[in-house]
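Here the sequence shown is numbered in this note's numbering, starting from 1 and rising by one per residue.
Source of the hints: derived by calculation from the structure; they are not laboratory data. For each residue, glycine too, the CB sits at the ideal point set by N, CA and C. A couple of the hints might just be wrong.
Just the calculated beta-carbon pair ranges, DEER-fashion [what the hints assert, rightly or not]: (1) Asn272 with Asn237: 41 to 49 Å; (2) Gly97 with Lys53: 41 to 49 Å; (3) Glu71 with Asp300: 21 to 29 Å; (4) Arg113 with Glu71: 15 to 23 Å; (5) Thr70 with Ser251: 43 to 51 Å; (6) Ile205 with Gln234: 18 to 26 Å; (7) Pro96 with Gly290: 34 to 42 Å; (8) Ser251 with Gly97: 19 to 27 Å; (9) Ala253 with Gly97: 22 to 30 Å; (10) Arg50 with Pro138: 58 to 66 Å; (11) Leu215 with Glu110: 33 to 41 Å; (12) Arg159 with Asn280: 34 to 42 Å; (13) Arg50 with Gln103: 33 to 41 Å.
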Amino acid sequence: MSIPGSSETRKLTDSNSISANTSPVHKFSIGHMLLDMGKITPVEAERVLRLQKESGLRFGDAALKLGLITEADIQLVLAQQFDYPYLLPGEGNHSPGLVVAYQPFGAQVEVFRAVRSQLMLRWFTSGHKALAIVSHNPGDGVSLFVANLAVVFSQLGERTLLIDANLRYPQQHEIFNLKNKQGLSDVLADRANVSEVIAKIDSFIDLSVIPAGTLPPNPLEILNRSTFDKLNDQLANQFDVILYDTLAFSSGADALSIAARTDGVLIVARKNSTHLNDINVMNEQLKCSGTEVIGSILMD
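Construct the entire structure; sequences and hints are all you get.
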């Protein structure tokens, strides 16, 4: 792999110049970033620079040839240079099910990027901001799906907000390792201000999450309050993409209430688990409520 910017690493020959008097260009060179990450030492950087001068290789290629770094290290540095954040295994304390964060170059992630592209073209570029993600059965994996989808939207540079609107069996606070003391339910019940419950996910530049919050005894009634419409409008002024994680259809009518606020729905089904008849019934109910079904996703 050829790594650009070898000419930007000349100051690395002096370990003192690494930490001081470094221009913005040098600061974000591959050599400097590898040093900051602890992937190489100043002494090893000098070895790389000598080989680079002798062979004409770029800095990253020379470091690879010496066996000081791996291809994964190069990918990590490039991701930072191009503002494409992802995480190493165990980093961030998020669920390992966030494959778009921990396995960003795998085939599975391309599926999420393809879904993102379709949604951008068919929904979000036509003036819409919010979308509900729904499934029929609790085991269809909708929570992890919407979490991964939110991450890939944030990686695109869209100001993305993921709202856990499953007020019975919430999971987003567990996926992103957040406290669930207050959240959506508390805002809708006037027990908290929305600014107090939005959690910025530091691992990703443009991702925020509103957890479900206190589990109410009357979730459907809470979701049907007029304050939900006002909240949705308020958030639409702050974010480019708003994704709602919802309760499964077979567990209650909560998703219908949320869909009425977003006007659009993406259906998630699981292969060899979700029955086609259930999808058809759910599709008809959503359409009868005035909600546009943008499409459906079949997950393995």
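Verification of the hints:
Checked against the given bound of 41 to 49 Å, the beta carbons of Asn272 and Asn237, roughly 42 Å apart, stay inside it. Between Gly97 and Lys53, the C-beta spacing of about 45 Å keeps the proposed range 41 to 49 Å intact. Hint check: Glu71 to Asp300, Cβ distance near 27 Å, so the stated range 21 to 29 Å holds. Restraint check, Arg113 to Glu71: a C-beta distance of roughly 21 Å satisfies the suggested window 15 to 23 Å.
In this structure the hint that Thr70 and Ser251 lie 43 to 51 Å apart at CB holds, the actual value being about 45 Å. The beta-carbon spacing between Ile205 and Gln234, approximately 22 Å, falls within the hinted interval of 18 to 26 Å. In this structure the hint that Pro96 and Gly290 lie 34 to 42 Å apart at CB holds, the actual value being about 38 Å. At roughly 21 Å, the beta-carbon separation of Ser251 and Gly97 lies within the given 19 to 27 Å, and the hint holds.
For Ala253 and Gly97, the Cβ-Cβ distance of about 27 Å falls inside the hinted range of 22 to 30 Å, so the restraint holds. The hinted range of 58 to 66 Å is satisfied by Arg50 and Pro138, whose Cβ atoms lie roughly 60 Å apart. The supplied range of 33 to 41 Å is met by Leu215 and Glu110, whose beta-carbon atoms lie about 36 Å from each other. The given range of 34 to 42 Å is respected by Arg159 and Asn280, whose C-beta atoms sit roughly 35 Å from each other.
The hinted window of 33 to 41 Å between Arg50 and Gln103 holds, with their beta carbons roughly 35 Å apart.
The structure meets every hint from the earlier list without exception.
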